[in-house]
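If you read the protein sequences in the order shown, they are chains A and B. Everything in the first sequence is counted per the numbering used here, starting at 1 for the first residue and increasing by one. Everything in the second sequence is counted per the numbering used here, starting at 1 for the first residue and increasing by one.
Treat the hints as calculated values from the structure; they're not laboratory data. Take the hints with a grain of salt, since some may be wrong.
One side only, chain B facing chain A, incomplete, derived with CB under 10 Å [as the list claims (entries may be wrong)]: (1) Y25; (2) Q38; (3) G53; (4) L56; (5) G59; (6) G107; (7) T111.
Here are the in silico distance ranges between beta carbons for each label pair [what the hints assert, rightly or not]: (8) N30/A with S84/B: 30 to 38 Å; (9) P14/A with L18/B: 43 to 51 Å; (10) S1/A with G16/B: 30 to 38 Å; (11) S80/B with P14/A: 42 to 50 Å; (12) Q42/B with G54/A: 38 to 46 Å; (13) G53/B with P69/A: 34 to 42 Å; (14) I53/A with G16/B: 30 to 38 Å; (15) S65/A with T72/B: 22 to 30 Å; (16) E66/B with V15/A: 46 to 54 Å; (17) S77/A with L56/B: 26 to 34 Å; (18) T77/B with K79/A: 32 to 40 Å; (19) S80/B with Q62/A: 41 to 49 Å; (20) L56/B with N30/A: 32 to 40 Å.
Heads up, the beta-carbon is just placed ideally off N, CA and C, and yes, glycines get one too.
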Amino acid sequence: SQTIHQWPATLVQPVGSPLSLECTVEGTSNPNLYWYRQAAGRGLQLLFYSVGIGQISSEVPQNLSASRPQDRQFILSSKKLLLSDSGFYLCAWSVQEETQYFGPGTRLLVL
Amino acid sequence: AQSVTQLGSHVSVSEGALVLLRCNYSSSVPPYLFWYVQYPNQGLQLLLKYTTGATLVKGINGFEAEFKKSETSFHLTKPSAHMSDAAEYFCAVSGSSGANNLFFGTGTRLTVIP
């Protein structure tokens, strides 16, 4: 069966520091991968999605970036965090039929 | 373009009462529709989905939803609420054109009163 992992589970970072969040999927090949952000009291905002290694589409311009160095690995990064980057970050995967399956999430607090 | 509107950011029901969470969608192509549930500090779990075929869809935990094209709705229901149903619920729509992207509503927080 397929599983999706995200780490860390919780992160507290100062403003201006770098960020790296990792997502990995097991049990499937060539999945589509997604990064979402969920801000307090708001819905989910799609940040990036990837249909293959090295292929990244950005949905919202911001100071975040994403990379997919391996088939089942998706990384969310920032060179300098802003206060507004605080939120709950969710990674998801899908294949073909468009049902997306979500990871446990990473809670990021920028101080 | 696709979008979702969830009416009511907060819904409270008594334990044992009917649960009704509303979702209306807009889609330029035949929609795929989804309901997800999120428990505190956890990821989203798929409750049910509609793609094609039968318009009444049954999901996990006793939930079901009915796709009504004429009303552009996909409301989520459960006949009898349980305390464990307290969570946030998200409706989402994607296009069947293969875009593979979901558009989420802003969510409805369900409170179950004992």
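Hints versus structure:
1. Below 10 Å, beta-carbon pairs count as interface contacts, and Y25/B has none with chain A, the closest being about 14 Å; its hint is therefore violated.
2. Interface hint at Q38/B: satisfied, since its Cβ lies 8 Å from the closest Cβ of chain A, which is below the 10 Å cut-off.
3. For G53/B, the interface hint is violated, the least distance from its beta-carbon to any beta-carbon of chain A being 13 Å, above 10 Å.
4. The beta carbon of L56/B is not positioned within 10 Å of any beta carbon in chain A (closest approach about 18 Å), and the interface hint is therefore violated.
5. The closest approach between the C-beta of G59/B and any C-beta of chain A is roughly 12 Å, which is over the 10 Å cut-off, so the hint fails.
6. For G107/B, the shortest C-beta to C-beta distance to chain A is roughly 5 Å, which falls under 10 Å, so the interface hint holds.
7. Using the Cβ-Cβ criterion of 10 Å, the hint placing T111/B at the interface with chain A is not satisfied: the shortest such distance is roughly 15 Å.
8. Between N30/A and S84/B the Cβ separation comes to about 36 Å, which falls inside the hinted range of 30 to 38 Å.
9. At roughly 48 Å, the beta carbons of P14/A and L18/B sit within the given window of 43 to 51 Å.
10. Range check, S1/A to G16/B: Cβ separation about 34 Å, and the 30 to 38 Å hint holds.
11. Range check, S80/B to P14/A: Cβ separation about 48 Å, and the 42 to 50 Å hint holds.
12. Evaluation of the 38 to 46 Å hint for Q42/B and G54/A yields a failure: the beta carbon distance comes to about 31 Å.
13. The hinted range of 34 to 42 Å is satisfied by G53/B and P69/A, whose Cβ atoms lie roughly 39 Å apart.
14. Checking the proposed 30 to 38 Å range against I53/A and G16/B shows it is violated: the Cβ atoms sit about 51 Å from each other.
15. At roughly 36 Å, the beta-carbon separation of S65/A and T72/B lies outside the given 22 to 30 Å, and the hint is violated.
16. The supplied range of 46 to 54 Å is met by E66/B and V15/A, whose beta-carbon atoms lie about 47 Å from each other.
17. Between S77/A and L56/B the beta carbon distance is about 44 Å. The supplied range of 26 to 34 Å is therefore violated.
18. The hint said 32 to 40 Å for the Cβ distance between T77/B and K79/A, and at roughly 47 Å that hint is violated.
19. Checking the proposed 41 to 49 Å range against S80/B and Q62/A shows it holds: the Cβ atoms sit about 43 Å from each other.
20. Between L56/B and N30/A, the C-beta spacing of about 33 Å keeps the proposed range 32 to 40 Å intact.
In terms of the numbered hints stated before, the structure departs from hints 1, 3, 4, 5, 7, 12, 14, 15, 17, 18, listed from lowest to highest.
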